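Trainee: From first to last, the protein sequence lines stand for chains S and A. For the first sequence, our numbering begins at 1 and goes up steadily by one. For the second sequence, our numbering begins at 321 and goes up steadily by one.
Simulated from the structure, these hints should not be mistaken for laboratory data. Quick caveat: nothing in here was measured; it's all calculated off a predicted structure. Be aware that a few hints might be false.
Said to hold, decoys possible - Taking lysine-lysine and the PhoX-like style, the derived pairs with C-alpha atoms no more than 25 angstroms apart in a straight line are:
#1 Lys10(S) - Lys231(S)
#2 Lys333(A) - Lys51(S)
#3 Lys333(A) - Lys389(A)
#4 Lys323(A) - Lys388(A)
#5 Lys15(S) - Lys26(S)
#6 Lys443(A) - Lys503(A)
#7 Lys388(A) - Lys340(A)
#8 Lys389(A) - Lys443(A)
#9 Lys10(S) - Lys26(S)
#10 Lys443(A) - Lys388(A)
#11 Lys15(S) - Lys443(A)
#12 Lys26(S) - Lys503(A)
#13 Lys389(A) - Lys340(A)
#14 Lys231(S) - Lys333(A)
#15 Lys15(S) - Lys503(A)
#16 Lys51(S) - Lys323(A)
#17 Lys323(A) - Lys333(A)
#18 Lys323(A) - Lys340(A)
#19 Lys389(A) - Lys231(S)
#20 Lys26(S) - Lys323(A)
#21 Lys443(A) - Lys362(A)
#22 Lys26(S) - Lys443(A)
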Amino acid sequence: MKRPDHDIMKHFSGKEGDEVRLIWEKARRREQPGHDATGVNPEEEWALLRKRLQLAGRTGGLKMRPRHLRSRSSAAKATAAKTYAFITALAAVLLGGFIMWYLFMPVSMEAPRGEYAVFHWDDGIRVELNSGSRITWNRTFGNGHRDLRLHGEAYFEVQPSGKPFVVETQTARVEVLGTRFNVRSWSDDPDGRTTLTLVDGQVRLASLLEPEFHTLVQPGHTTQVDYHNTKPLDPQPVNTDQALAWRNQGFYFSGISMSEVAAELERRYDSEIIIQDEILGDRPLTIYLPRPGELENIIETICFVTNCRYEEDQGTIYLY
Amino acid sequence: MAKATDYQQWARKIRASDEKAFHDLFMDSYQPLMRYAMNFVKDTDVAKDILQEVYAHLWDIRDRLDEKKSLKALLYRMVKNRSINLIRSRRPVRLDDVAPSEQPSEEMSPESIRLDSDGLLEKRLSQWIEALPPRQREAFELSRFEGLDHHEIAEVMECAPRTVNNHIVSALNTLRGQLNQWKSQGENRNKE
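Same shape as in the complex, but just chain S (with noise of 0.2 angstroms):
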């Protein structure tokens, strides 16, 4: 039987690396009643798929029928009194837990999908959020809002001020004195990626996970971090125009793999994709739309370029 791996392991020591080796040997499914998975005979399954296929001359046009078609004195006025003091204790307990809430609470600004939101600054600091980003920052502690924390995509305009500028991602450190930039980091993609691209000035990105790695990033290029890769790429040149397609509704993709492009349509055009095709979700795309229009449009243009073909039903629009 297959051990726990190494690097599970290392997590316990002693006692209780013996404990987790009982607990892993000790684990049994458990065996549903009525639902015997053990009845089903895998060779009559395969005589039925191969039927299926030759008949369906190997290119799936075939469909199978589903099997499972299927009052007031002195007393009172002390009660009063002790109301009064209870009310008034309440009301400093929930004063100062206001106070604490707006103290500590961190602040956020977000850009609700199907949307875009610009924020500034009296500071001279400029922000644009893609659909369905989010920042946040504390009111109290650090520098503000010149301490953010971004999640998903959006572009900065900092003045040169002498004060430190800070944008933090999931694996991320971004730190500013004057420039204008742009960082994409979706928390939904499997990797946890930051891409930072500059378009003038100059920052330094370091890993937020091995901070150790950092690296000085010039105008008009462009690297990445993720979970497994903690040390940032060499800085590559880029064409900024492309980078900041999404700043005048456009899109934006190199290399970039189709449930990734669904997943910006959606939140773009706040609607549901489901491609329907494990395979079809991991291909690489790359696609430059600097005016899209409708989403209809894009979705026809992809299908041309990957042979795919698309449906759409109440809204919600599958590719396969």
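Following the hints, put chain A in place on chain S, whose structure we already have.
Mentor: Relative to chain S, chain A alone:
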């Protein structure tokens, strides 16, 4: 199930339309996938239909198979996606609800409590596993019962391998806690 290298070889041969390799893959993977599908749909006929669809689809897209990617993980993902789509189409359901529903545990007779054997521990363990948070449980079961490695589990669960690691470590810590509690209860019983 066969080794990862066998799966890699089969993927290469199936790409080249090798029916024998497709048969070998089918025979090796059918029963584990059947068990896996049953976790979701709980009906043998429905599970059989899902598997027919999965293998037929795999054959249709064979020319696009990527040898560098785990064929095993692909099969598990296909079964999971189709099972969830099927359940969704029947009634509104949240993804977290898809995990098998908890069944009431039968009462332990006094004899079986005294019988502090491994058999009882196994029974308890499967109940504890069922009570884990859905994502932890899924990661633990794919690792322990389906023998998938962390990269394969990450592909099936559509998350980062680090997250898989975290889920399994959390699951094991919860189970260790329950094991120790159970052990100390056993000692108290023996004293009485």
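Trainee: With reference to the structure, classify each hint as holding or not holding.
Mentor: Here is how each hint holds up against the structure:
Restraint check: the Cα-Cα separation between Lys10(S) and Lys231(S) comes to about 23 angstroms, which is no more than 25 angstroms; the hinted pair holds. At roughly 20 angstroms between alpha-carbon atoms, Lys333(A) and Lys51(S) fall within 25 angstroms of each other, so this suggested pair holds. The suggested pairing of Lys333(A) with Lys389(A) holds, with an alpha-carbon distance near 14 angstroms, which does not exceed 25 angstroms. For a cut-off of 25 angstroms, the pair hint linking Lys323(A) to Lys388(A) stands: about 15 angstroms separates their Cα positions.
Between Lys15(S) and Lys26(S) the alpha-carbon distance is near 17 angstroms, which keeps this suggested pair within the 25 angstroms criterion. For the hint pairing Lys443(A) with Lys503(A), the CA-to-CA distance comes to about 14 angstroms; that is within 25 angstroms, so the pair holds. Distance check on the hinted pair: Lys388(A) and Lys340(A) sit about 21 angstroms apart at the alpha-carbon level, within 25 angstroms; holds. For the given pair, Lys389(A) sits about 36 angstroms from Lys443(A) by alpha-carbon distance, which is inconsistent with the 25 angstroms threshold.
Note on Lys10(S) and Lys26(S): the hinted pairing holds, with a Cα-Cα distance of about 20 angstroms set against a maximum of 25 angstroms. Of the pairs offered as hints, the one joining Lys443(A) and Lys388(A) is violated, with about 39 angstroms between alpha carbons and a cut-off of 25 angstroms exceeded. Restraint check for Lys15(S) and Lys443(A): satisfied, since their Cα atoms lie roughly 22 angstroms apart, inside the 25 angstroms limit. The hinted pair formed by Lys26(S) and Lys503(A) meets the criterion: a straight-line CA distance of about 15 angstroms does not exceed 25 angstroms.
Using a Cα cut-off of 25 angstroms, the hinted pair Lys389(A) and Lys340(A) holds, with the two alpha carbons roughly 21 angstroms apart. Between Lys231(S) and Lys333(A) the alpha-carbon distance is near 37 angstroms, which puts this suggested pair outside the 25 angstroms criterion. Proximity of Lys15(S) to Lys503(A) is assessed by CA-CA distance (about 14 angstroms); at most 25 angstroms being required, the pair is judged to hold. A C-alpha spacing of about 28 angstroms is found between Lys51(S) and Lys323(A), which places the hinted pair above 25 angstroms, so the restraint is violated.
Among the hinted pairs, Lys323(A) with Lys333(A) is consistent with the structure: their alpha-carbon atoms are about 16 angstroms apart, no more than 25 angstroms. Between Lys323(A) and Lys340(A) the CA atoms are separated by roughly 17 angstroms; this keeps the pair inside 25 angstroms, and the hint holds. For the hint linking Lys389(A) to Lys231(S), the alpha-carbon distance of about 24 angstroms falls within 25 angstroms, and the restraint holds. Straight-line distance between C-alpha atoms of Lys26(S) and Lys323(A) comes to about 23 angstroms, which keeps the hinted pair within the 25 angstroms bound.
Of the pairs offered as hints, the one joining Lys443(A) and Lys362(A) holds, with about 20 angstroms between alpha carbons and a cut-off of 25 angstroms not exceeded. The hinted pair formed by Lys26(S) and Lys443(A) meets the criterion: a straight-line CA distance of about 9 angstroms does not exceed 25 angstroms.
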